[in-house]
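Trainee: Protein chains in written order, with the working numbering: chain Z, 1 to 144; chain U, 1 to 144; chain F, 1 to 468; chain E, 1 to 468.
Read the hints as simulated data drawn from the structure, not as lab findings. A couple of the hints might just be wrong.
To be verified - Taking CB as the label site, the calculated pair distances span: (1) Z/Ile107 with F/Ile174: 55 to 61 angstroms; (2) F/Lys32 with E/Ser366: 36 to 42 angstroms; (3) E/Pro113 with F/Ile174: 30 to 36 angstroms; (4) F/Thr184 with E/Lys32: 38 to 44 angstroms; (5) U/Gln136 with E/Pro73: 43 to 49 angstroms; (6) F/Phe68 with E/Leu109: 55 to 61 angstroms; (7) F/Pro113 with E/Ile5: 25 to 31 angstroms; (8) F/Pro379 with E/Ser366: 28 to 34 angstroms.
Idealized CB from N, CA, C, for every residue including glycine.
One letter stands for each residue in the lines below.
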Amino acid sequence: MARRLAIGLAVLLVCLPFVGVVTHAAFSQTPVESTAGTTAGHEATKVDYWPLLFVFALSTFIGIGVVARVSRLLHTPLMSITNAISAIAVVGSILVTGSDFPRDIRILGAVALFASMTNIVSGFLITNRMLKLFKQEPKEAQHK
Amino acid sequence: MARRLAIGLAVLLVCLPFVGVVTHAAFSQTPVESTAGTTAGHEATKVDYWPLLFVFALSTFIGIGVVARVSRLLHTPLMSITNAISAIAVVGSILVTGSDFPRDIRILGAVALFASMTNIVSGFLITNRMLKLFKQEPKEAQHK
Amino acid sequence: MMTNIVQFAYLLASILFIFALHFMNHPRTARKGVMAGVLGMTLAVLATWAQPAVIHHWWIVFAILAGFAVGYPLSRVPLTAVPQRTALSHAFGGLAAGLVGTAKFYLWLRNEPEMLTHFRMIAIIAEIILGFLTLTGSLMAAGKLQEVKWIPQRPVTYPGQNIVNIGMLVVAVILGAMLIFNPTGAAVWMFPVIIFLSLLFGVMLVIPIGGADMPTVISILNSYAGLSAVAMGFVLDNKLLIVAGALDGSSGLILSIIMCKAMNRSFTNVLFGAFGQVQQAKAGGEQKVYKAETIEGAAQVMEQAQLVVIVPGYGMAVAQAQHRTRELADQLHKRGITVKYAIHPVAGRMPGHMNVLLAEADVPYSDLVEMDEINGDMPQCDVALVIGANDVVNPAARHDKTSPIYGMPIIDADKARTVFAIKRSKNPGFAGIDNELYFADKTFMLFGDAKQVVGDLAKELSGGSGMH
Amino acid sequence: MMTNIVQFAYLLASILFIFALHFMNHPRTARKGVMAGVLGMTLAVLATWAQPAVIHHWWIVFAILAGFAVGYPLSRVPLTAVPQRTALSHAFGGLAAGLVGTAKFYLWLRNEPEMLTHFRMIAIIAEIILGFLTLTGSLMAAGKLQEVKWIPQRPVTYPGQNIVNIGMLVVAVILGAMLIFNPTGAAVWMFPVIIFLSLLFGVMLVIPIGGADMPTVISILNSYAGLSAVAMGFVLDNKLLIVAGALDGSSGLILSIIMCKAMNRSFTNVLFGAFGQVQQAKAGGEQKVYKAETIEGAAQVMEQAQLVVIVPGYGMAVAQAQHRTRELADQLHKRGITVKYAIHPVAGRMPGHMNVLLAEADVPYSDLVEMDEINGDMPQCDVALVIGANDVVNPAARHDKTSPIYGMPIIDADKARTVFAIKRSKNPGFAGIDNELYFADKTFMLFGDAKQVVGDLAKELSGGSGMH
Ligand SMILES: NC(=O)c1ccc[n+]([C@@H]2O[C@H](COP(=O)([O-])OP(=O)(O)OC[C@H]3O[C@@H](n4cnc5c(N)ncnc54)[C@H](OP(=O)(O)O)[C@@H]3O)[C@@H](O)[C@H]2O)c1
Ligand SMILES: NC(=O)c1ccc[n+]([C@@H]2O[C@H](COP(=O)([O-])OP(=O)(O)OC[C@H]3O[C@@H](n4cnc5c(N)ncnc54)[C@H](OP(=O)(O)O)[C@@H]3O)[C@@H](O)[C@H]2O)c1
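Using the sequences and the hints given, assemble the complete structure.
Mentor: Here's what the structure looks like:
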């Protein structure tokens, strides 16, 4: 159970930031003021993070619900499509690369953008390629 | 199809406010600034409504997903529990009733609070009462 | 600090509500669902109450106590009255939403008109229109289900009705739109007008709808109530309201879709179909003959059976015959006869109606078989005992294109070797049409009140020793 | 105005992503899912790009083109290399998240340190730790799956390993915590240290894990990648990132849970179990004898069969034998023999691995039967043909409490009348244990490369006329 303990710790540590967010949130003395913050362009100092936490919680529920019902046949394509979707980091990368920031920052952004773009392209293409393979014989097709 | 048309119109009209929100949102000239607005106590003039729209969209998905999998046996209890849950209007009512508002406003609030409280109490109690009725015979209990 | 704790509580509450509905997916876990719901609601109330802005605690206490005082009795109504109760509480829900919206509007109008942004105005208008039409609509529905004297059961129609109704709603919405663009101007008088129109629309919407369509109407109003809560959430910038409201809204929507499917009818037809008017044409079909049967006769036939399928309907609910039905089943069980209950999704007057009633009579839910499952076994069924069901076993739905219920999936009672049908009279069911099943050669009528007849059957089988 | 359109686009994109995953619930709709995903992603990219803040368009164009240049070839890899590719792209994902986090941190540090609120710092630290450990971890995983020379397949362990690893993570997190409370102070040097520790931890985490556990590791890293996207969303106050990230995170989580269940092992055991080391104790069991069989003999037996169940495993993947397998099945079909494929949830090296390979060989997915379904039919099965599967058909899992795979649900190949097992050698499978199935009386080994052997079988059945 030394192991159980170890893993417990590990998991906790990985979740810690999120735990942190919430607890910090719940007990920070600073009154929360918020911001449009919707374009990375002009962000005010403080952000009202509660809506974000709501969005996070809700979409996790959706994710679990939806993925749990994915056909077993398609678990490999599932992995590659979520792969492509998680490349949504592209949004952040574009903002960092394209905005009027110092060059070194933007280089980081450009690399990130390249990496995410690679995932998007390869992820969706290979998923599609795999799905094309799944056929159903006509006879089966009827009584479906 | 005069009817189809009629209903179409009706549905549209009912949804209109929501369509309204979104389209208005999408094309309003006013730059959006936002607000803590999290306690009805002190709200700034403008609210960043996008998080709210996200929350709405996401929870609708969850709702549909969850309800669609409710056991047919329990559709009546389902109706009464959603009933109780929709009495969440109690939150608004409390704020209107309890805050330091002119008396007439607070009277409206009090009535609302009374109404929602009625729903909460009767809704949960009757649901529980109905669910208590659903039994399963031991023998069935095994091969479940 | 405070804000954060409150928000945290709201987040937890939202999650608890989701679980509340999730747990309803099986009777075994369902009661956990109630617990989750109660917990979430308590959290929400306390968190809100705890806010510094809230100072008039006595007002709150009294309102809450009043709520308990009325709510508790409302939760003790007999199960046959559940549909009415549900409708009634939708009315309350609509009322609450409407009032809060109104209060907020006037409050801001007086003190901080700058708060009345386009966005909030849209939300407020939506909230009051939905809230108040739900109020009156649900009251009408409750009345029809309770069969109150002065509310006509049968649809009330007049030419151009739909146009008028839609017209009203259009006007309300147009006024609303105008208000949105200058809420504080001279147009303020429109606000009460909108309220009035919504109230009126609620009544007008339900009047032309037949009593047995009320369940569908109720669930539609259910989702309106949910949407009005969502709107309130937009007004108050409160995410919990939005989540809970959305859950409610989608549940109402899905239930009404399920019902419409089970009746093979469209929303249009339900809302504007004036369904359930007595069909004059068919009323003249008196040449057809019913074969009545005696209790004794029926009992003897049943004794010989191996598989008896009981098809309960609205009649069983009206007659409160569920307990007697269970007794009858027990008698048959004693004789080693298998008894199943065939549950049509829209049997009775609300979804799952029969399940609750039979569960009340201690029928294990494993004996309650859904329509699609049982229809497979009907050919092997020796006796189908139809207790106060009519439309849901009307074969016309299968072949008679002219019938108003054509295409509605039914329980194939007519496929059983013998059919016994219990009803009081020769009157049609809610769809207002004759049921050829009753005239079939294999069918024998047992006229009388369901409770009475079923009780007698049970007694007969128990050799006169059954209680009554 | 702009803001609103962007937000609107993001909302649509979020919804499209949800549908993308939803459509994956059946092969028939799955490709719609890809469309939805592509659409959503395009929307997101365009909306972001369109923002006025974005001015250096050429940079973006070049980065995107480079992405295409690398991404396209990566999408053409042979299907047997899909696991590696997936791992590799998780590495890219982690890299992107880490870099954006780093960029944002230094940007704010220089220009607007007041932006580095506690909340944002927490999010940034989470983003970089998760991002960078995903990067190196996935690279290691990819290496092990690709069986790169200088990355050991078998777990590398040393005493106190877990302590060291956890220790590293602890330090990283502690440093992070300190940074959070004064990001701008002298402690800034900690930031690169944290990055370094995360990178190191990623490597250390994966080194002690055996090659065949990589799929589980990959999906765990998958959810980390998702979570880091979520963290980025918090940093940038961007809801779309949060939604997409959360979807990704939960999918990774669920897949790893499914796999662990299918192997009856805990996360702990996978991450810290150093599973798949060669068991010395068992290595000495050479007295047991294999009965080899000739192609001709096997072919004759099969001709007599009515039901043949093919159990594919990792070996089929390695040998690329799926097409030959299909040809063999065709030959059997010709003779009116029913052929089914028994798919174990963790056969091969990633979830659904066998399904994709066989689908590639034009096997209709209606012939791919899940473990639980097929096990019912195994007793009626005349011939079970095990093609490069080992652990997933090892009966020890059912009864031998000492076996490392004890309790793992298996395909009951041993219940078939006759078993033919194709493998190259007497080596154990990934679990590193002998498989008593191979020593059973009813079992006959066909030693050799799967592609070769299956091909020969097909040829034999087609009377020597099969191509090769
Ligand atoms: N459940 C839902 O959610 C829902 C929703 C929307 C619409 N509906 C509609 O409601 C109808 C339900 O069908 P159903 O077959 O259950 O009911 P039904 O078609 O309304 O027929 C009820 C039958 O019970 C008999 N009855 C009434 N009181 C009785 C008593 N005290 N003792 C014995 N018999 C009695 C009536 O005949 P007598 O008057 O001669 O006794 C009538 O024939 C369907 O048309 C359905 O479309 C249901
Ligand atoms: N799929 C997943 O998602 C996943 C995830 C985590 C863990 N795993 C683990 O991976 C394992 C999968 O089980 P499995 O039975 O599919 O594979 P396995 O247990 O690894 O056995 C593969 C067998 O194929 C044989 N083989 C290898 N190359 C071959 C070739 N070219 N021609 C013929 N035979 C060949 C090997 O024997 P020779 O070397 O003698 O040929 C070996 O016995 C399970 O233990 C599972 O727990 C899978």
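Trainee: Taking the hints in turn, state whether each one holds.
Mentor: Taking the hints in turn, this is what the structure says about them:
1. Z/Ile107 with F/Ile174: 55 to 61 angstroms: holds (56 angstroms)
2. F/Lys32 with E/Ser366: 36 to 42 angstroms: holds (38 angstroms)
3. E/Pro113 with F/Ile174: 30 to 36 angstroms: violated (52 angstroms)
4. F/Thr184 with E/Lys32: 38 to 44 angstroms: violated (49 angstroms)
5. U/Gln136 with E/Pro73: 43 to 49 angstroms: violated (58 angstroms)
6. F/Phe68 with E/Leu109: 55 to 61 angstroms: The hint (55 to 61 angstroms, Cβ to Cβ) holds, given that F/Phe68 and E/Leu109 are roughly 56 angstroms apart.
7. F/Pro113 with E/Ile5: 25 to 31 angstroms: holds (28 angstroms)
8. F/Pro379 with E/Ser366: 28 to 34 angstroms: 29 angstroms Cβ-Cβ, so the 28 to 34 angstroms window holds.
Of the numbered hints listed earlier, those contradicted by the structure are 3, 4 and 5.
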